[in-house]
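Colleague: Sequence:
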Amino acid sequence: MKHPFLMTACALAACLATVDAQAQEATTLDKVTVTSKRANRVSKGATGLPLELKDTPQSISTLDQDDLTNFGLSGSNEALALATGINVEQYETNRATFNSRGFEIQLTNVDGLGMTNSWGTVVGREDTFLFERIELIRGANGLLTGVGNASGTINYIRKRPKNEDGGEVIATAGSYGLKRAALDYNKVLTNDGSWAGRLVVAHEDKNSYLRDLKDKRTTLYGVVDGQIGENGVLTLGVTAVDAKQDSPMWGSLTLMRTDGTQADFDVGTSTSQNWTYWNNKSYNAFAEYAHRLSADWEAKLTYNYRHNNEASRIFYAYNNDVALNPDNTGLFGWPYRSLGSADSHLLDVNVNGKFSALGRQHTLLAGVSRSKQKTAVDTYAALDHAFEPLPAVPYGGDVYPEPTWGPRAPSTRGDQTLTRFYIASRLSLTDALNAVVGVNSVKLERSGASIYGNAATNTEYPDTKKTSPYVGLTYNFTPDLMGYVSYSDIFQNQEQTDINGKYLAPTKGLNAEMGVKAEWLNKALLTTFAVFQTKQEGLATDMGPITDPANPLVGQTYYEPRDVKSRGIDMEVTGRLGRDAKVSVGYTRLLLTGQDGNDIFEWVPRSTLKLRMDTRLPMLPAMQVGVAGRWQSDIGKQVKFGRVRQGSYMVANVFASYDLTSKATVRVNVDNLFDRKYIGGLAYGAIYGSPRTAGVSLEYKL
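Residue numbers (this note's numbering): 3 to 704.
None of these hints come from the bench; they were simulated from the model. Treat each hint with caution, since some may be false.
[Claimed, not checked] When the alpha-carbon atoms are kept at most 25 Å apart in a straight line, the in silico BS3-like pairs for lysine-lysine are as follows:
#1 K467 <-> K537
#2 K374 <-> K283
#3 K525 <-> K468
#4 K468 <-> K537
#5 K468 <-> K510
#6 K445 <-> K467
#7 K164 <-> K665
#8 K246 <-> K181
#9 K218 <-> K181
#10 K537 <-> K445
#11 K703 <-> K181
#12 K537 <-> K567
#13 K537 <-> K510
#14 K468 <-> K356
#15 K467 <-> K504
#16 K510 <-> K567
#17 K665 <-> K161
#18 K216 <-> K679
#19 K703 <-> K161
#20 K445 <-> K376
#21 K356 <-> K302
#22 K376 <-> K468
#23 K216 <-> K161
#24 K216 <-> K283
#25 K283 <-> K161
#26 K525 <-> K39
#27 K181 <-> K216
#28 K374 <-> K468
#29 K161 <-> K181
[As the list claims (entries may be wrong)] DEER-style ranges, computed between Cβ atoms:
#30 D544 <-> D380: 19 to 29 Å
#31 A359 <-> P471: 19 to 29 Å
#32 G649 <-> V533: 24 to 34 Å
#33 S296 <-> K467: 31 to 41 Å
Positions of the beta carbon are idealized from the N, C-alpha and C atoms, including for glycine.
Whenever a hint applies, use it, and build me the whole structure from the sequences.
Modeller: Here it is, written out as structure tokens:
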């Protein structure tokens, strides 16, 4: 039976291909507004205002489609691991958190819009082939969302229609049975170029270095945009994702033993069983209408809808002491089965443009948005084979039988609504001095349990109202050298519960940053140096499982509020050293201290270095080579019987490509070139990183 997503993709491709052949190029008529907008799209980055990276008073990095393709970064988590100042904690095979400047990133946007994700946890990976680039905004994100912490924001910029026909297909094969095919095709749909469409399809099927793990993911994205009357532009798009994972890890490896030693297993060690799976389907539709009010002003309305289904039959290996016996026994099995769904709606209306005051020209953005999210989880009780002992680790995928499941029953329900008014402006104070000022006024209403079903005893939240300012100043010392300072409030509701099952109060604080940005080589190269300081009050801190047998929540993880201060520096060099040589080098150094002045969150690396470089060979211009690397300092985590530790390490990835013709290119990628063994993170558990892998791709331009 054909895959329904692939059948839909073929139908869409056929529709695009049958459009009048005369529409391959715009005619000599005057260009309509939409063609100009396509050619000059500008991201609104950290502030919502159309600012260049150099003019934004905050640290921002980007991963563009060339980087993602050249280094074979088809999954968002692997891509983010190579981004300046970002750390990926892959604590389960299907769930991860990202952190920046010591704190978990709780906002992942698409085209600048989105709701905060509970606990900062992201389920599954985005297929990077959908996006033109990924923007990584480090520091407070309140100006984007009205709520936020001091970590940053990940902003995925979707591919949009272009002004010319064409595209590419890519086929890849590699280690552990990797098979991947991807198509990106753009079609101008009308003779005058006023309507165009773009289709993006990616299918990936692979096994894993982890025992029995298998991933299959199909992604389909279609988008059209065009002229409405003389002043309107309408964009409509839909994304569908079908992701299946067999034998996933729920939870991760226990490495500490009761005798104080740390276990060392093979990198392929898994806690899962063969009967487990974790499947996700999501559908995301958006409509965007922009209307030109005058030569300098535009109104924009955006609506996003997302529906997500999760079906899981998973297995957790645990004990309350989070430690193995000296012979690697001591764990118990927890089988779990659930069906979950989430629906979210987001409506945003804003106006933006230029105005004159005191003899100077300024820009302004003002808007209102409302987002609603509803989640529901049903479970099936295990009628037998629950909490039985496991053999010594490592064990096979057939040591724990699948239980008999009871009937489907409601488990948790949750709702949240965020309403906000926002305004931001870039004020030209002098020829060299500019101010970026903004304010958000938000109301957050929540009820029920969080999406992860923590057993809170109070299921009604008080409504939260908060107004937060943002202020930034930039000064152009020369046309190529800019200095800046910025300040923002921090405010974030928390999903975590204390030892009594009560939700923690929101975390509050402030974020300040100062830096310089300079352009070199005729604006081809950008350097950034930033110093930052953040204080968060009452931040949820993992205290481990409840051990008091008299507590009805015994065995569940609880949290306590902690005041945390983060200080450090960010440095980055990114751009081109010549026509054929590209570079990105970023270094971050952190100090993280608690209210007692001592180190805290020791699982966050204090120093990280990220590198991407590629060039064409002068003696063989058809060949391009590149190297990407990431280094981090040592990390650790104190648990009951000792300290789990991962020493400093570096992972290097390389690629080489060769242009067979003007349209065909073959590329070889090798990841973890030196086959370094390492633990990917310690915040919530441990999974070993992937050993050396290789892949070969053939790209053909249409």
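Colleague: Run the structure past the numbered hints and jot down the numbers of the failing ones, going up.
Modeller: Violated: hints 3, 14 and 23.
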